[in-house]
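Residue numbers (the working numbering), protein chains in the order written: chain A, 1 to 128; chain B, 129 to 264.
Treat the hints with care, since some could be wrong.
Said to hold, decoys possible - Residues from chain A shown here face chain B by an in silico Cβ test under 10 Å; the list is partial: (1) Ser117; (2) Thr119; (3) Leu127; (4) Lys128.
If you are wondering where the hints come from, they were derived from the structure by calculation, not from laboratory data. Glycine included, each C-beta is placed from N, C-alpha and C at the ideal position.
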Amino acid sequence: MKTNLKKLIGTAVLGLTLFTHSLPTWAGYVQQQFIEVRIETNQASGSMVGARYSGDSQQYITCTSHNPAVTCSARDKTGRYLLCTKIDPQWVAAVRTITDSSHISFALAPGTQTCDSLTIKNGSRFLK
Amino acid sequence: MQAKLKNILGLVALGVALLTTTVPTWAGQVITGGEVSIYIGSDHSSAGGTMVGARYSADNKQYIECTTYLSTTIWVPLIQCYAQDKAGQHILCSSRDPKFQETLQAMTDSSYISFQADSKGACTDIGISHGSNLLK
Numbered sequence: 001m002k003t004n005l006k007k008l009i010g011t012a013v014l015g016l017t018l019f020t021h022s023l024p025t026w027a028g029y030v031q032q033q034f035i036e037v038r039i040e041t042n043q044a045s046g047s048m049v050g051a052r053y054s055g056d057s058q059q060y061i062t063c064t065s066h067n068p069a070v071t072c073s074a075r076d077k078t079g080r081y082l083l084c085t086k087i088d089p090q091w092v093a094a095v096r097t098i099t100d101s102s103h104i105s106f107a108l109a110p111g112t113q114t115c116d117s118l119t120i121k122n123g124s125r126f127l128k
Numbered sequence: 129m130q131a132k133l134k135n136i137l138g139l140v141a142l143g144v145a146l147l148t149t150t151v152p153t154w155a156g157q158v159i160t161g162g163e164v165s166i167y168i169g170s171d172h173s174s175a176g177g178t179m180v181g182a183r184y185s186a187d188n189k190q191y192i193e194c195t196t197y198l199s200t201t202i203w204v205p206l207i208q209c210y211a212q213d214k215a216g217q218h219i220l221c222s223s224r225d226p227k228f229q230e231t232l233q234a235m236t237d238s239s240y241i242s243f244q245a246d247s248k249g250a251c252t253d254i255g256i257s258h259g260s261n262l263l264k
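Same shape as in the complex, but just chain B (with noise of 0.2 Å):
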């Protein structure tokens, strides 16, 4: 009786682990791969990806990031957003347009990046996009 009750109790526990962990995150739209995807031209370059999608893309080269610099002593760009995608590609934009830093104010770690660099590799256009279709 005992060892049947201890049987019950075991698959009870079991029962409740499994269900626990594998709920599977199928629920709401999602938008698959956001991978960064990078486009160079004879004027202009550009680059789109979404933080999710680089950072949990299968390989291991593939990434998306955009930095502020500031120094009272040497020349910086204010701003640079770098791609390079799962080829090893890569573009870069650089800016000391204080309008870019805005817009950088508005990342979080599930957007959409995009950006445009001019053929001298001076940005042209940087855009944040957010959604629920975005988050991992």
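Just chain A, same shape as in the assembly (with noise of 0.2 Å):
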């Protein structure tokens, strides 16, 4: 019976000290957003960290400078896509604040696929 009990606490602590080195770091103003895309209105927005570390395996967002070029583009996760091209410096300029964990929006010239806006935000908040 004493054997038991000291095998039941043991596995209690085991337990509570896997659990505790495993909580992940929740604390802080955060907003992980997934993709949205909107055919209707040519808007695409997210995340990279929300894309990333979506429960599904259809979402991205990204942009690619080839020097004046740019290329956006993104997929959600029902598999709705956009892509847009843009050639102009200040846009590759803008391409290059990416980060791993910058926010990304743009939006298509309507009935085109010439980006129309683009912004990006870097902030804490979109951090993992």
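Each of the two chains sits in its own frame; use the hints to bring them together as a complex.
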């Protein structure tokens, strides 16, 4: 009986130890946004971390620069997809501000595949 | 005998598990805190803080970020930096000066960010620092 109790307490302590060591860092203001693609308004947005660590294997957001051209694309969890391109050195400079944790939004000019806008947010709230 | 062996193996497994999960991140110099601080004056305001310090702070208020905007159809500030401290006090600065966009290219997930705004909210300075002591 005493041995059983000892084992039980030991297991509980072990469980608690392992549990507390595997707790993620939840503190702090955080916004990890999944990818949203709105075909009707030609807009896509989301965070790198939100997409990368989402539960599905569909979503992503990317921007590529081949000076002086920039291409951004995004796919949401349902497979909706948008891609745009812009030839402008200032847009290349903007894409260079992207980090592993950026939040990216872009929009297409109506009826084209030309980028109309691009917003890149680098903030502590988007870190994993 | 078999039970003893099982016990020993169990203890070894436990030891390895605890060893690998309890290794602390004590090594190296680390800037403790790095939380967002804000100064609001009559002629200018300023803010500073580390990405890591803000993100992993104990509160859920503070954050610091810089944004790059581009649009062919509507007016946007080229860049904007925003900081909010743990008390909810915040400041923002905006600029269309390309030199600040170049500055923002240096930002990483572990940067220390500081910026200054004049009384109208225009950015007068943005600084990005990197250091091993700023890493998570």
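Hints versus structure:
The interface hint given for A:Ser117 is met, as the beta carbon of that residue sits about 4 Å from the closest beta carbon of chain B, less than 10 Å. For A:Thr119, the interface hint holds, the least distance from its beta-carbon to any beta-carbon of chain B being 5 Å, beneath 10 Å. Using the Cβ-Cβ criterion of 10 Å, the hint placing A:Leu127 at the interface with chain B is satisfied: the shortest such distance is roughly 4 Å. Hint status for A:Lys128 relative to chain B: holds, with the closest Cβ pair at about 9 Å, below 10 Å.
Of the hints listed earlier, there is not a single one the structure fails to meet.
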